[in-house]
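Participant: Read off the chains here:
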Amino acid sequence: MSFPVQANGSPRAVPNSEASFFWRKLSEHRTALWRLASIGLFFLVWEIAGRIPISFAFPTFLETLRAFVTMTLDGSFVAAYAETLQPLVIGIAISAVIGIGLGIVMGLSRFAEWLVAPVFIVLQAAPMAALIPLITFVYGIGLVSKTLAVIMLALPVIVLNGYKAVRNANPSLVAMCYSFQGNLWQRITKIIIPDASPVIFAGLRLGLAAGFIGVILAELLITPTGIGDLITYHRSVANYAEMYAAVVSIILVSTLTLAALEAFELRVLRPEKRKS
Amino acid sequence: MRNITAQAASAAAVAAGSDVAVEVRGVCKMYNEVEALRGIDLDFPAGKLTTLLGPSGCGKTTLLKIIAGLIPATSGEIRVNGQTVTGPGPERAFVFQDFALMPWATVMRNVAFGLELKGMGKDERQSIARKYIAEVGLSGFESKYPHELSGGMRQRVGLARAFAVNADVLLLDEPFSAVDEQNRRKFQEDLLELVEKEKKTFIFVTHSIEEAVYCSDRIVILSRRPGRIAQIIEPEIDRTASPDAIRRDQGYLDTVEEIWQGLKRYVD
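From first to last, the protein sequence lines stand for chains A and B.
As numbered in the UniProt record's numbering, the first sequence has no gaps in its residue numbers, which increase by one up to the final residue, 276.
As numbered in the UniProt record's numbering, the second sequence has no gaps in its residue numbers, which increase by one up to the final residue, 268.
Treat the hints with caution; some may be incorrect.
Cross-link-like lysine-lysine pairs, in silico, DSS-like; alpha carbons within 25 Å at most [unchecked claim]:
1. B:Lys118 to A:Lys190
2. B:Lys131 to A:Lys190
3. A:Lys190 to B:Lys122
So, partial list: chain A residues that the calculated Cβ filter (under 10 Å) puts toward chain B [claimed, not checked]:
4. Asn170
5. Tyr178
6. Ser179
7. Phe180
8. Ser197
9. Val199
10. Val237
No lab work stands behind these hints: they were computed from the structure.
We treat Cβ as the ideally placed atom computed from N, Cα and C, and that holds for glycine.
Let the sequences and hints guide you as you build the complete structure.
Facilitator: Next comes the structure, spelled out in structure tokens:
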């Protein structure tokens, strides 16, 4: 019973050395390849759908790509993002600081939980787009309103994630810190926050994604500025390729920012995740 | 083997002799309506390994955590080196059943963590940690993360962390229950060497009779809930013999059998 099992004509039995090298190289990057294939397939379907066409207002992928390149080169994206990113960055920064702070306090104190959690649970469930006209009514059409729109969308998810993460910090590690006479501050900074950081960061990522929604909503609903202006303007003059290019650009910026945040988290907070 | 029966147990438990590291006096513990421990009086001799053994749910881990100061007793008190316990203290170190290692920290940082909490400088605590990492047999693994280690190795990290703070009393809560059988045996042998070398007081919770008899100078058997002292046994096994000889020793086997006969009635 000792003859090799692969000898009975399986194609994997005696691999050609050159081909095996090729396949090995390929399988090293398999995940990346599948991702590329997925994106490529999506663009292909887009191109076909644009060529049928499913709507006169639906440009093909290649038209959109051309518009994207033109707008990148003529600087209209740069100008637009300089404006759009202002309320986004300010809003996310405020939401992150307040959100993580509040989340930690709520996770540690039952009293703070009762006081604050219901507000954010309601806020998270509320349709924020409906509240944006209200902000305009109070704070006008300037930067403050747009920043507030970002905060209103981003803050609840950051707070609630932070609070759940802290509340569910590994009790065994907390007991360990206590048994080695760690004080409250050490328990929070050395155990609870690092242990909670994956969920806190998940909240930050969701908050950032929500912040992008908030800033675009604000630019579409309050006053057209920045990227919201590009979208509104090109729609009104029926430059659909340019309009879609602007939409794609915001998706791209949002995705890249989220990926950067994830990379930052792995690098700084959870070094053990990088290795595996 | 010296067998001290239940009637004489409380007297013998207290009059243990000259050097007592931990004194337990009239400790009771209620979890709401459930009585976990009732009137525990016990002395733990210094420099010895004492095991708390009993059926599951007998409160042995509860007693250990009360001694550690992790949970308060409902009544009664604990004295360590004559000082009444009100919380965790530097003279005690705890080894956790689930290891309680920080997954984001290397072996080095985990072992040095007790010293880090005390505010010791990095170089100093790392040199101490390195010594104990070597002592538990993990040299070369200093920069590994816990998930890269086996269960037995992780618990060695937990043990090294407890040694590093240089406490007089080490409290081990079922340290081998999450370690596979073969690693456990090796670990038990190594632990005995460390007990010999470190001259510390060990209090050890286990539900394995063999483990208790193999490792302990003294075994305290607790009854089923509410936990009370049922029996105290001193195996008096010749520890100079090789581990394999001990496991075949008639005295060892008789003690295991005797404890099993005593515990059998608590098992459904």
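Participant: So, for every hint listed, does it hold in this structure?
Facilitator: These are the hints, each one checked on the structure:
1. B:Lys118 to A:Lys190: Holds. Lysine 118 of chain B to lysine 190 of chain A sits at ~13 Å (cutoff 25 Å).
2. B:Lys131 to A:Lys190: At roughly 23 Å apart (the allowed maximum being 25 Å), lysine 190 of chain A and lysine 131 of chain B satisfy the hint.
3. A:Lys190 to B:Lys122: holds, 15 Å
4. Asn170: Because about 8 Å separates asparagine 170 of chain A from the closest Cβ in chain B, which is inside the 10 Å limit, the hint holds.
5. Tyr178: Holds: closest Cβ of chain B sits about 6 Å from tyrosine 178 of chain A, inside 10 Å.
6. Ser179: holds, 4 Å
7. Phe180: This hint holds: phenylalanine 180 of chain A lies near chain B, its Cβ roughly 4 Å from the closest one there, short of 10 Å.
8. Ser197: With a closest approach of 8 Å, the serine 197 of chain A hint holds.
9. Val199: violated, 14 Å
10. Val237: violated, 53 Å
Hints 9, 10, counting from the list given before, are not met by this structure.
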